[in-house]
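Top to bottom, those sequences are chains A and B.
Under our numbering, the residues of the first sequence are numbered 70 to 707, in order.
Under our numbering, the residues of the second sequence are numbered 3 to 303, in order.
Some clues are possibly wrong.
No more than 25 Å apart at the CA atoms, straight line, and that leaves these computed lysine-lysine pairs for PhoX-like [as the list claims (entries may be wrong)]:
1. K62/B <-> K313/A
2. K100/B <-> K245/B
3. K313/A <-> K83/B
4. K358/A <-> K83/B
5. K345/A <-> K83/B
Chain B is nowhere near these chain A residues, computed Cβ spacing over 10 Å in every case [said to hold, decoys possible]:
6. P134
7. V428
8. N569
If you're looking for bench data, these hints aren't it; they were derived computationally from the structure.
Just so it is clear, the structure is predicted and the values come from calculations on it, not from any experiment.
Glycine included, C-beta positions come from ideal geometry on N, C-alpha and C.
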Amino acid sequence: MNMVIPAAIAATPNGTTRPQVRIVIVGHVDHGKSTLVGRLLHETGSLPDGKLEMLKSVSARRGMPFEWSFLLDALQTERDQGITIDTTQIRFRTRSRDVVLIDAPGHAEFLRNMITGASQADGALLIIDALEGVRDQTRRHGYLLHLLGVKQVAVVVNKMDRVDFSAARFEEIKNEISAHLTGLGVTPTAVIPISARDGDGVAGRTAKIRWYRGPTVVEALDALEPARPLQALALRLPVQAIYKFDDRRIVAGRIESGSLAAGDEIVIMPAGKIAKIRTVEGWPATPVKGVQTAGRSVGITLDRELFIERGDVIAHVGDSPRDTRRIRARIFWLHDKPLTTDASILVRLGTRETRATVVAIEKAVDPGELSSVENKSIARNHVGEIDISLAHPLAADPYTDNPRTGRLVIEVSGRIAGGGLVLSVDAGQRAIPVDIVPVESALRPDERSARYRHNGAVVWLTGLPASGKSTLARALERRLFSNGGSPVLLDGDTLRAGLNGDLGFSAVDRTENIRRLAEVATHLARNGHIAIVAAVSPSGEDRAAARRIADDLFREVYVATPAEICESRDPKGHYAKARTGALQAFTGIGNDYQPPTNSELTIDTSARSVPDATDEIERMLAKTGILFDELVDLAANI
Amino acid sequence: MHLLDKDSAMDQLRWNGPTEGSLVGQISTDARSHQPAMDHLDALEAQSIYIFREAFARLKKLALLWSLGKDSNVMIWLARKAFFGRVPFPALHVDTGKKFPEMYSFRDRYGEEWQLDLKIEPCPPLETIDPTLPPAARSAARKTDGLKLALAKYGFDGLIAGIRRDEEATRAKERVFSPRGTEGGWDVRDQPPEFWDQFNASPPPGAHLRIHPILHWTEADIWAYTKRENIPIIPLYLAKDGKRYRSLGDADITNPVVSTASSIEEILTELDGTKVPERAGRALDHETEDAFERLRVAGYL
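Make the full structure from the sequences, and use the hints.
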């Protein structure tokens, strides 16, 4: 009994309002993926006019029998090898929806292409040759569908004509694959016996499979649902960039889950800073009213100037992701070189990237074999669980809480080499910022600046030990104070005696020392004071971080006194001690001072007097909008 | 619909800055008024904006290839949405000198009106092109060489191109961020994996990336979006005397198709019933089975 389903039903006029579902076809090489796709296109009346005839004539010219798979093997390279090497996308219509079929290669060598294709899919068709049964690549693809988060899987048992449409053989394969998939947490939506070459089970239930009661392939495709945006979950907005094209400071990104609106109280992770959304910006019309939901690319402005950068994640206060330097993940590996313990990698999670080290590897296994487990390395096309130590903290969720912020990719030499799911997140040392409610100052900035005759600023003096930073800082402090201003001196050594007493001189500790100095100084500057920081701050990267924290308030002064003069001054006796070896890690003797390249001012104190150098700093502050007074040209007075 | 000879989109560009009423403290969120659920075009738009912003964040020197056609106009529109009204990188027109006059007047008008940083680069003469290519492909290959010259001149590390997967079989295999060799060539056999919107954005020195923000759109999507957003188009796309252009290239190797569609609505209805491929009017696609693939491997769009 032939029961052909009329498949191609006219769509709505603009062709774009019907639900669209993307389905990837996966399975072992030569089990008939391309043939099934070709057949589906034909059965649903989706082939362009003349395409079938053109390919039939090409086959005849080449002396090959026509195969349905030729429809897809559009590339020369593929025709030569007879295998699909990259994903191809084909569109057709079923009764209720537009289908984008992604044909992924079954060859193990091209697993990276299978993953590229499958990661875009809402659902999957897993194809198995009835004669060959479940093979290693069948299992591997099943496992990867699970790792990629593709939950809807329909299984197709193809080439039933080769086993005389045996119901017993079908049951055997059905039981084996169902057990495998269920073990991975994926329940197949259907298992369908077909012959893609002859058409049985594709669009119609033919007499040869009359013992089968389930849906045809077309019906099974119709039952797969488009993936929905994750609106019901907590807000996660990974920051892509901060734009300052005009007087707006727009934080741009895509809402991966949840929703947001102007007025929402948000927390910026991993730093834990709190702000309110002032507006949602748009174009051509702006601001945009109403609630913005998951899936939208948005731009927002905040009610206060905070240091925020690409890679941060915006969440609602009280419902934020964890900040962490340690992640456990289940990953698949695609790189030629196996991933080993202690490997140095680049991790991308959301829009954040950070260097990282693989601390431990467990349960490494070939998902095709599912036998030999090892714990030293993960070979190409294998999967495993790894512990990762991150060079910088990031915001993440376990994938069971949020599939978007719970997945990561790994890059090696600038190329994506693997990816996987976040199993667990070790929270960092920072207190969860739920209880932190910043109290704003009672004074407006203009009240302060009217009294002080200056805006707030961070004047950052950097240079070798004994280059004259503290001397200049004290002179500047005195000068500004005499003029009625409000300077505050933050000397690196002074702060190390108290606030930073827990820090040593390792690279990590120096970074933290600078971060604290910058945070304190920025707080003072935001409250109208001029914070004068005198700190060796040898690392260019640390100073760049300080500049990012203070943002537009930052004024760097490079005290560029030559090294030999610094050593001859040596007021604290550090150079002498370092020369005798009594002082380790002393900047000045080694070569570890990185001179600034973009400082607002450079001063060599060996070439000028202290008042003269102070004048110059004052002029720079006036020119860059910190000091209000119309300065007479002090140089002219000399 | 918004034609070249009608009012421009300038009136939509005025920015309504934040008002006192939008300041925090005066906002109550007791009833969150939801935007209508995202439809298909909203989803396409959001994805394209995401791609634009990733490209802008991760590459140093970008340019957008503006071919003046419907697809690249949608691209410019999406870029303006992504960057709140301005396109923060040059629009590059690699000019064969053989486009339709309507295309040049469109370029002159909207290059200015959209405040594009327009860079017009010529193509080398036909005599310099591989003579073993069939005539139309050879003619089109001038553009590939013009592009290489422009790349060498400006040192772009990323080129944003408006190709779509549904246009043509080899384009279906493209990545969103697609690395090109130092010669501009595409190694389809060794494409890096790309998933979860994580893109490979580190081309080796001397090489560049092609970025494809509308790879996932279809021809019908482009028209439906053009209509919804009121994006200007070149009138050649609309039927005149029973014919219209479905795709615009060089005047000498592009032919109109039989059509009565004189509005975007009618184009959409026409597309819904057609089985004729979009590039049917492009001679270079049909000369030999592999001519187009050869062009693409060599760096053609």
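Against the structure, the hints:
Between the alpha carbons of K62/B and K313/A the distance comes to roughly 17 Å, so the proposed pair stays at or under 25 Å and holds. At most 25 Å may separate the alpha-carbon atoms for a hinted pair to count; K100/B and K245/B meet this at roughly 20 Å. The straight-line distance between the Cα atoms of K313/A and K83/B is roughly 15 Å, inside the 25 Å bound, and the hint therefore holds. Restraint check for K358/A and K83/B: satisfied, since their Cα atoms lie roughly 16 Å apart, inside the 25 Å limit.
At roughly 23 Å between alpha-carbon atoms, K345/A and K83/B fall within 25 Å of each other, so this suggested pair holds. Look at P134/A: its CB is around 18 Å from the nearest CB on chain B, clear of 10 Å, so calling it non-interface holds up. With a least beta-carbon separation of about 22 Å from chain B, V428/A lies farther than 10 Å from that chain, consistent with its non-interface assignment. At the 10 Å boundary, the C-beta of N569/A stays outside the reach of chain B, the nearest C-beta of that chain being 33 Å off.
Going down the numbered hints, you'll see the structure goes against none, and every one checks out.
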